[in-house]
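S.K.: Quick one: dock chain against chain with the hints and give me the complex.
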Amino acid sequence: MALLEIEKLHRNFGGLQAVSDVSFQVESGQIKAVIGPNGAGKTTLFNLISGALAPSSGTVRFRDREIQGRQPHEIAVRGMARTYQNIKMFSGMTALENVMVGCHIQGKAGFLASMLHAPWTWPEEKAIRRQSMELLELLEITDCAHIEATSLAFGQQRAVELGRALAMKPSLLLLDEPAAGLNIYETAEVGRLITRIRDLGVTVLLVEHDMSLVMDISDEIVVLCYGQKIAEDLPAAIQQNPEVIKIYLGE
Amino acid sequence: MTTELFIQYLFAGITYGSIYAIVAIGFNIIYNTTGIINFAQGEFVMLGGMIAISLLPFMPLPLAIGLSVLMTMVIGALIEIVFIRWLHSPSVLRMIIITIGISILTREAAVHIWGDNIRALPYFVGDEITTIGVLGARISPQVLWVVGVCGVMVFVLHLFFKTTSVGREMRACAANRTAAILCGINPRNMVTFSFVLSAGIGALAGCVMSPITYTQYDVGTGLAIKGFTVAILGGLGNSGGAVAAGLMLGIIEAFSVSVVPLAFQDAIAIAILLGILFVRPHGIFGSGEAARLKAF
Chain C
0 MALLEIEKLH RNFGGLQAVS DVSFQVESGQ IKAVIGPNGA GKTTLFNLIS
50 GALAPSSGTV RFRDREIQGR QPHEIAVRGM ARTYQNIKMF SGMTALENVM
100 VGCHIQGKAG FLASMLHAPW TWPEEKAIRR QSMELLELLE ITDCAHIEAT
150 SLAFGQQRAV ELGRALAMKP SLLLLDEPAA GLNIYETAEV GRLITRIRDL
200 GVTVLLVEHD MSLVMDISDE IVVLCYGQKI AEDLPAAIQQ NPEVIKIYLG
250 E
Chain D
0 MTTELFIQYL FAGITYGSIY AIVAIGFNII YNTTGIINFA QGEFVMLGGM
50 IAISLLPFMP LPLAIGLSVL MTMVIGALIE IVFIRWLHSP SVLRMIIITI
100 GISILTREAA VHIWGDNIRA LPYFVGDEIT TIGVLGARIS PQVLWVVGVC
150 GVMVFVLHLF FKTTSVGREM RACAANRTAA ILCGINPRNM VTFSFVLSAG
200 IGALAGCVMS PITYTQYDVG TGLAIKGFTV AILGGLGNSG GAVAAGLMLG
250 IIEAFSVSVV PLAFQDAIAI AILLGILFVR PHGIFGSGEA ARLKAF
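Protein chains in written order, with numbering that gives the first Met the number 0: chain C, 0 to 250; chain D, 0 to 295.
Honestly, the hints are just simulated from the structure, not real lab data. Be aware that one or more of the hints could be misleading.
Claimed, not checked - Restraint ranges, calculated between C-beta atoms of paired labels, are given here: (1) Leu134(D) with Met132(C): 25 to 35 angstroms; (2) Gln16(C) with Leu86(D): 26 to 36 angstroms; (3) Val73(D) with Ile146(C): 33 to 43 angstroms; (4) Ile146(C) with Gly100(D): 41 to 51 angstroms; (5) Arg84(D) with Ile146(C): 47 to 57 angstroms; (6) Ala144(C) with Asp217(D): 29 to 39 angstroms; (7) Glu133(C) with Leu134(D): 49 to 59 angstroms; (8) Gly239(D) with Arg129(C): 22 to 32 angstroms; (9) Gly239(D) with Ile146(C): 36 to 46 angstroms; (10) Glu6(C) with Trp85(D): 42 to 52 angstroms; (11) Ile146(C) with His87(D): 36 to 46 angstroms; (12) Leu92(D) with Glu133(C): 42 to 52 angstroms.
To be verified - Here are the simulated SDA-like pairs of lysine to any residue, each with C-alpha atoms no more than 20 angstroms apart in a straight line: (13) Lys87(C) with Leu158(D); (14) Lys125(C) with Leu158(D); (15) Lys161(D) with Glu147(C); (16) Lys161(D) with Trp121(C); (17) Lys87(C) with Thr177(D); (18) Lys161(D) with Ala144(C); (19) Lys161(D) with Thr149(C); (20) Lys168(C) with Asn185(D); (21) Lys87(C) with Asn185(D); (22) Lys161(D) with His103(C).
Claimed, not checked - Part of the chain D face toward chain C, derived, beta carbon under 10 angstroms: (23) Leu77; (24) Arg167; (25) Arg170; (26) Ala178.
Even for Gly, the Cβ is constructed at its ideal location relative to N, Cα and C.
Pulled out of the complex, with its shape left as it was, chain D reads as follows (with noise of 0.2 angstroms):
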């Protein structure tokens, strides 16, 4: 393999595997908090793609974009609150069972309302064809958009939970439930903000890969399916290991095409998560501990 294709190759993994691990973060931030994997996490992207793609002919892309992420975490919220928050104490595979519906529900409002085509927002600077040179190979300026947004979210969230007290509360919340009541922390807006911030970051991330990946009514499922694989790698509630795993399958998924056809590139995924399902249930980097911990 020559030293341009196998930057290619890089390239293209790290920017697949940035989207993984921010859909894998949102998992993260949601399961930390109630301890349930909300399946309608894909839909965030989608919705965030799909929203700023209509709202486009009326404002110009920050904005749109920007509108489209607000616009988003308000849906999350109204899930969370519609579907969520008045049960009392729910089983984890009632939750989860709840998730699924919202997800198809999603699903299905959103063909009504976008229809079947594939949209994709334009290039954010210059467009398809226009390359930038790293080392020989040449790369779209739109996977730097990817990769920089992914990791400044990451960075901004890392300091979100470190130093802010409604970051504290949320972790606080994860730790110990009964302490962090006492502590006068309403469990229930630590749920509705968890699903607001993944909301949020997941919207995001839908409108700066949909120019590369393009956006359709029912991308979130495969995408949730691979930040599934990314986070139970990473470890569950793990973000750091989310980032490590993320990057990993991306970057495996990339060279696969090297060695078998490209139609078994999702198969990949699937196979690396029941292997790690097989060997190490609590993931790569996720402590035993931790996962017997939960309730799941």
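Excised from the complex, chain C in its bound form (with noise of 0.2 angstroms):
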């Protein structure tokens, strides 16, 4: 059973279909990217998925269970972890305190134990701050934690989002654009974290305009058009495909 189905996944505009009949597996442990020109549909299909967006018709099945037009906190709880291309910081919060938000959903102290400060919530408070430095450890970002983290270079701030979606402990990461506004070094920096996040056992979708980078770490590779899914292959079979090479060079 893979662990993200879609099936003839529709959404239009108005007249324009967005997404028209896309369908595709996402096996567990896998790096899979979902490629194709400028509006060709790939972050409305994030929307889709994560259900920031309703399809218009269509199935999304996560971990065995439909999840189409759920609300996305919803399947936020569910294991399912997202970035946005324009970073989200909590601003007023330092690096850490953003990650610490990530790992709420473990959390159980209930609203008024934790009002009144009740001395049972405070190991796990501890638990989920170590938890949080190691994230960024693992991120290398530790020199980052308790700066503001609105303030923090463009590289770090996404290095400090993908922690706060690790902090989810999802099963599935959706990173829309990781590679965006960043210059080669930190793509290749972004490049390695995603397939360390990958060797710990989380699974990874992601849309990137950076070729050599997609190339670089995906396992496979979806080639969307006009919100159609036009090829999904092994890298360097995407490379040689035809009709691949003329959407992104032309005839």
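M.R.: Set out below in structure tokens:
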């Protein structure tokens, strides 16, 4: 059974078919990339999967349960984390606190107990703090832990965002253009991080424009064009696919 | 002015100032999670006092206060669930009108339940003629209760937002709603929590101030205006600013009595509010950037 199964997914905005009849699967433990020219429907597809948009028709099955049309926070709790193309930090909070919010899903302390600062909530708080520090270590940004997240460098903010997503202990991580706005060194760094995340057992589905990054790290690639899937194959095969070459380079 | 008189005014100012600060913090908590001003905030203060007074014949004072705070928190939750939770992305204007409506509704309900008598809780320690000497001035021990309880509330709230997961989730929701949802946080629950929290601190303030300021069904309106002034002065959403601005307004009001007639005391707050809105619309301690970020 695949971790994520997308079947005949449709979404139209008025007369525009943003995503039409797209089906593919993401197997556990792989890095799968979705590529395609601008306006191909990649971000819409992500929004449909993460629940930010409801599909016009079709099904999204995640961990053997249909999730289309569910609220985004419910899908997040089921184990799907997501990052956006433009970074969304919690301003006024340090990098560490940002990651700690990601851990909240595991928290069991109730509102009243938490408000009264009840002693039985302290160990949980400590555990969350420790886990978050470990994640910052994994992402090599321990130095930034106590700096306000929005004042960090762009690449570091991206890492904090990854840490926050990982803090949710997701089984599937959706990354929307993780290398957008990064220079070549930072891009290589993000690529290294993504493979390391995969090796930790988190399945990754990403949308990316940087072809060298996609070819380097993905196990499989789906190509979208005008909302339709035109190819799905291994990176090497995609590079040879005449239709894909036509889209990217013209006739 | 003699030293004794100075200290007398100063303590009166600090007492009222801390109450204003608590009301303003109640405004801020709800503003931060919803982007609206809850004009029913003053009613939470009134309810806290009134319920405690009604419970007092049946139980000891601390229990009556505790139960009153809990009941007001439940009322806060109910108000949010009944009137606000089910609205699908309502406009700021609509939300404000709803909270004004809630305020009127609560006030009318209070007249029917308690009548328009002026009531008060007994002094926590001693009675109205008990005083303690501070540098030659005589002040009531209740003043220390008000200042102490307000101070402890501010400190506990600070801890709550800084070091507990629910507090962090509320801050996260205020800072970036989309990202908070991605982290699996249900923003609707955070809004309910913010009403519960605001109701709770308002009710506790209403209980400790009741012996000095008395409680009546319409005491909330005046407090809401003062609290609102303080929230704007301190910069909306900025609780540190609210404490500073609250103390400032309280002390200015108290000392104004020695310069202008007592009847003008309330006008001072409004004059300051207008002045600030003309010169620094985002408050003395608020940043213009933060004010622009909110759709207000």
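S.K.: Does each hint fit the structure? Answer for all of them.
M.R.: Here's how the hints hold up against the structure:
Range check, Leu134(D) to Met132(C): Cβ separation about 49 angstroms, and the 25 to 35 angstroms hint is violated. Between Gln16(C) and Leu86(D) the beta carbon distance is about 33 angstroms. The supplied range of 26 to 36 angstroms therefore holds. With their beta carbons about 40 angstroms apart, Val73(D) and Ile146(C) fall inside the hinted range of 33 to 43 angstroms. Between Ile146(C) and Gly100(D) the CB atoms are about 44 angstroms apart, so this pair conforms to the stated range of 41 to 51 angstroms.
Separated by about 36 angstroms at the C-beta atoms, Arg84(D) and Ile146(C) break the suggested range of 47 to 57 angstroms. The hint said 29 to 39 angstroms for the Cβ distance between Ala144(C) and Asp217(D), and at roughly 50 angstroms that hint is violated. For the hinted restraint 49 to 59 angstroms between Glu133(C) and Leu134(D), the CB-CB distance of approximately 54 angstroms keeps it satisfied. The beta-carbon spacing between Gly239(D) and Arg129(C), approximately 29 angstroms, falls within the hinted interval of 22 to 32 angstroms.
The beta-carbon spacing between Gly239(D) and Ile146(C), approximately 20 angstroms, falls outside the hinted interval of 36 to 46 angstroms. At roughly 33 angstroms, the beta carbons of Glu6(C) and Trp85(D) sit outside the given window of 42 to 52 angstroms. The hint said 36 to 46 angstroms for the Cβ distance between Ile146(C) and His87(D), and at roughly 38 angstroms that hint holds. Leu92(D) and Glu133(C) have their C-beta atoms about 46 angstroms apart, which keeps the hinted 42 to 52 angstroms range intact.
Simply put, Lys87(C) and Leu158(D) have alpha-carbon atoms about 25 angstroms apart, too far for the 20 angstroms limit, and the pair is violated. Restraint check: the Cα-Cα separation between Lys125(C) and Leu158(D) comes to about 14 angstroms, which is no more than 20 angstroms; the hinted pair holds. Annotation: proposed proximity of Lys161(D) to Glu147(C) holds, straight-line Cα distance about 14 angstroms (limit 20 angstroms). About 13 angstroms separates the Cα atoms of Lys161(D) and Trp121(C), which keeps this hinted pair within 20 angstroms; it holds.
For the hint linking Lys87(C) to Thr177(D), the alpha-carbon distance of about 8 angstroms falls within 20 angstroms, and the restraint holds. As the CA atoms of Lys161(D) and Ala144(C) are separated by approximately 15 angstroms, the hinted pair is consistent with the 20 angstroms bound. Proximity of Lys161(D) to Thr149(C) is assessed by CA-CA distance (about 17 angstroms); at most 20 angstroms being required, the pair is judged to hold. At most 20 angstroms may separate the alpha-carbon atoms for a hinted pair to count; Lys168(C) and Asn185(D) meet this at roughly 18 angstroms.
A C-alpha spacing of about 17 angstroms is found between Lys87(C) and Asn185(D), which places the hinted pair at or below 20 angstroms, so the restraint holds. Note on Lys161(D) and His103(C): the hinted pairing holds, with a Cα-Cα distance of about 14 angstroms set against a maximum of 20 angstroms. Using the Cβ-Cβ criterion of 10 angstroms, the hint placing Leu77(D) at the interface with chain C is not satisfied: the shortest such distance is roughly 15 angstroms. For Arg167(D), the suggested interface contact is upheld, since its CB lies about 5 angstroms from the closest CB of chain C, less than 10 angstroms.
The restraint placing Arg170(D) at the interface with chain C holds, with a minimum CB-CB distance near 6 angstroms, inside the 10 angstroms limit. Below 10 angstroms, beta-carbon pairs count as interface contacts, and Ala178(D) has one with chain C at about 4 angstroms; its hint therefore holds.
Going through the hint list in order, the structure does not satisfy hints 1, 5, 6, 9, 10, 13, 23.
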